[in-house]
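Number of protein chains: 2
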Amino acid sequence: MFEIVNPMDIEKCSFEIITELLGGRTFPPEQEPIIKRVIHTTADFDYADSLVFSPQAVERGLEGLKKGCHIVTDTSMAMSGINKTALGRLGGQIHCFIADPDVAEEAKSRNITRSMVSMEKAARLEKPCIFAIGNSPTALMELYHLIQFQKVNPVLVIGVPVGFVNVVESKEQIMTAPVPYIVARGRKGGSSVAAAICNALLYQLSAR
Amino acid sequence: MFEIVNPMDIEKCSFEIITELLGGRTFPPEQEPIIKRVIHTTADFDYADSLVFSPQAVERGLEGLKKGCHIVTDTSMAMSGINKTALGRLGGQIHCFIADPDVAEEAKSRNITRSMVSMEKAARLEKPCIFAIGNSPTALMELYHLIQFQKVNPVLVIGVPVGFVNVVESKEQIMTAPVPYIVARGRKGGSSVAAAICNALLYQLSAR
Numbered sequence: 056m057f058e059i060v061n062p063m064d065i066e067k068c069s070f071e072i073i074t075e076l077l078g079g080r081t082f083p084p085e086q087e088p089i090i091k092r093v094i095h096t097t098a099d100f101d102y103a104d105s106l107v108f109s110p111q112a113v114e115r116g117l118e119g120l121k122k123g124c125h126i127v128t129d130t131s132m133a134m135s136g137i138n139k140t141a142l143g144r145l146g147g148q149i150h151c152f153i154a155d156p157d158v159a160e161e162a163k164s165r166n167i168t169r170s171m172v173s174m175e176k177a178a179r180l181e182k183p184c185i186f187a188i189g190n191s192p193t194a195l196m197e198l199y200h201l202i203q204f205q206k207v208n209p210v211l212v213i214g215v216p217v218g219f220v221n222v223v224e225s226k227e228q229i230m231t232a233p234v235p236y237i238v239a240r241g242r243k244g245g246s247s248v249a250a251a252i253c254n255a256l257l258y259q260l261s262a263r
Numbered sequence: 056m057f058e059i060v061n062p063m064d065i066e067k068c069s070f071e072i073i074t075e076l077l078g079g080r081t082f083p084p085e086q087e088p089i090i091k092r093v094i095h096t097t098a099d100f101d102y103a104d105s106l107v108f109s110p111q112a113v114e115r116g117l118e119g120l121k122k123g124c125h126i127v128t129d130t131s132m133a134m135s136g137i138n139k140t141a142l143g144r145l146g147g148q149i150h151c152f153i154a155d156p157d158v159a160e161e162a163k164s165r166n167i168t169r170s171m172v173s174m175e176k177a178a179r180l181e182k183p184c185i186f187a188i189g190n191s192p193t194a195l196m197e198l199y200h201l202i203q204f205q206k207v208n209p210v211l212v213i214g215v216p217v218g219f220v221n222v223v224e225s226k227e228q229i230m231t232a233p234v235p236y237i238v239a240r241g242r243k244g245g246s247s248v249a250a251a252i253c254n255a256l257l258y259q260l261s262a263r
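Line by line, the protein sequences are chains A and B.
Following this note's numbering, the numbering of the first sequence begins with 56 at its first residue and continues without gaps.
Following this note's numbering, the numbering of the second sequence begins with 56 at its first residue and continues without gaps.
Just so you know, these hints were derived from the structure itself, not from any lab.
No residue lacks a Cβ here, since even glycine has one placed at the ideal position from N, Cα and C.
Where hints are given, some of them may not hold.
What the hints assert, rightly or not - Straight-line Cα separation of at most 27 Å, DSSO-like style, residue types lysine-lysine; simulated pairs:
| # | chain 1 | residue 1 | chain 2 | residue 2 |
| --- | --- | --- | --- | --- |
| 1 | A | K139 | B | K121 |
| 2 | B | K67 | B | K139 |
| 3 | B | K182 | B | K206 |
| 4 | B | K163 | B | K122 |
| 5 | A | K163 | B | K206 |
| 6 | A | K163 | B | K67 |
| 7 | A | K91 | A | K121 |
| 8 | A | K91 | A | K122 |
| 9 | A | K176 | A | K163 |
| 10 | B | K163 | A | K67 |
| 11 | B | K182 | B | K121 |
| 12 | B | K121 | B | K91 |
| 13 | A | K206 | A | K176 |
| 14 | A | K176 | B | K139 |
| 15 | B | K67 | B | K91 |
| 16 | A | K139 | B | K139 |
| 17 | B | K163 | B | K121 |
| 18 | A | K139 | A | K67 |
| 19 | A | K139 | B | K176 |
| 20 | B | K176 | B | K122 |
| 21 | A | K139 | A | K182 |
Unchecked claim - Non-contacting residues of chain A with respect to chain B, defined by C-beta distances greater than 10 Å in every case (computed):
| # | residue |
| --- | --- |
| 22 | P62 |
| 23 | T81 |
| 24 | P83 |
| 25 | D99 |
| 26 | D104 |
| 27 | G143 |
| 28 | Q148 |
| 29 | D157 |
| 30 | V158 |
| 31 | E160 |
| 32 | E161 |
| 33 | K176 |
| 34 | R179 |
| 35 | L201 |
| 36 | M230 |
| 37 | S247 |
Okay, chain A solo, but in the shape it has when bound (with noise of 0.2 Å):
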């Protein structure tokens, strides 16, 4: 084994081996960080593939950081992955009300779900936000829906929500609406990987 015990050599040496496992290939500069972000945190070479950002995308992520926009996520596991001091520094704070009293009770009585809820409830905040959904189709489905209707205007939405019900159609339908994205097509995504991209976006812009 490599004698490596400094966190930041480790992930160096991965974006390096990433690199060389990648060949030849290249991707517009802005995507790359992100793309190899994702790559590292999965050890899925298939995000090479399956990783679409609409125009000016990455663009806008950037800018509406900048200026301390907040980011959503549909789970707490995402949330807690996002490297929340470097948010902090450019002013920025994170929401996931999945967890929050009145969203499980007014989705048992709506008979709806958690996800769903959490992003009405989203919607409702005052500030610019990224959403970033790592695992709830219905939440992205919601989003949307919200969209659609005028009731949210995300400076960005990261739709990478992973499974096998509604996943491949919400991924699909979100890249009609009229809003920046940055989608992990097909079935595979995770919180993780929502985090991922957060973070490489971050990264670009604030110390750790």
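Using the hints, position chain B against chain A.
Just chain B now, with coordinates in the frame of chain A:
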């Protein structure tokens, strides 16, 4: 899209699709719920081949949890993904020391990773523990040394770090230790995989 918004229905439907996509493939019955939950969490069928179980690993994990053993993780993300209600019903608690100020301080002074120091700290817990390592190969390597020096005797090691530096090696190493293990061979894994394996064990024993 399907009109399913009940989370338990979505999960049931997902597992049926996974079973279908696995074709006629069968697994040892005690391993099957774990393999399928990891695929459910990642949408990645590689885990049908890469998950390796030592003899009796699942039984040891279930017995431990029944008796109220605790769970130690290497990341707050994995901690966040494990169902603490289900664990608590069995009498267990969850621990993650990675963000503790004393751990950071000691890691800096000894020039080793916080993950390594967090394992040393966990080894001093007096309760029997399952160790679920989803991120850091240095945590898994340190755990191996602690086991070799009889400083800790885990109920079960879930060894699923992800990445490119020392990850494969750390997993091969832990499989030579005298301890029950569930390992995702190769580079893939992650905090969400570690949490999924813990939850797959918990859901066989406890309501959510």
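> Which numbered hints are broken by the structure, listed smallest first?
Replying inline: Structure breaks hints 1, 4, 5, 17, 22, 25, 37.
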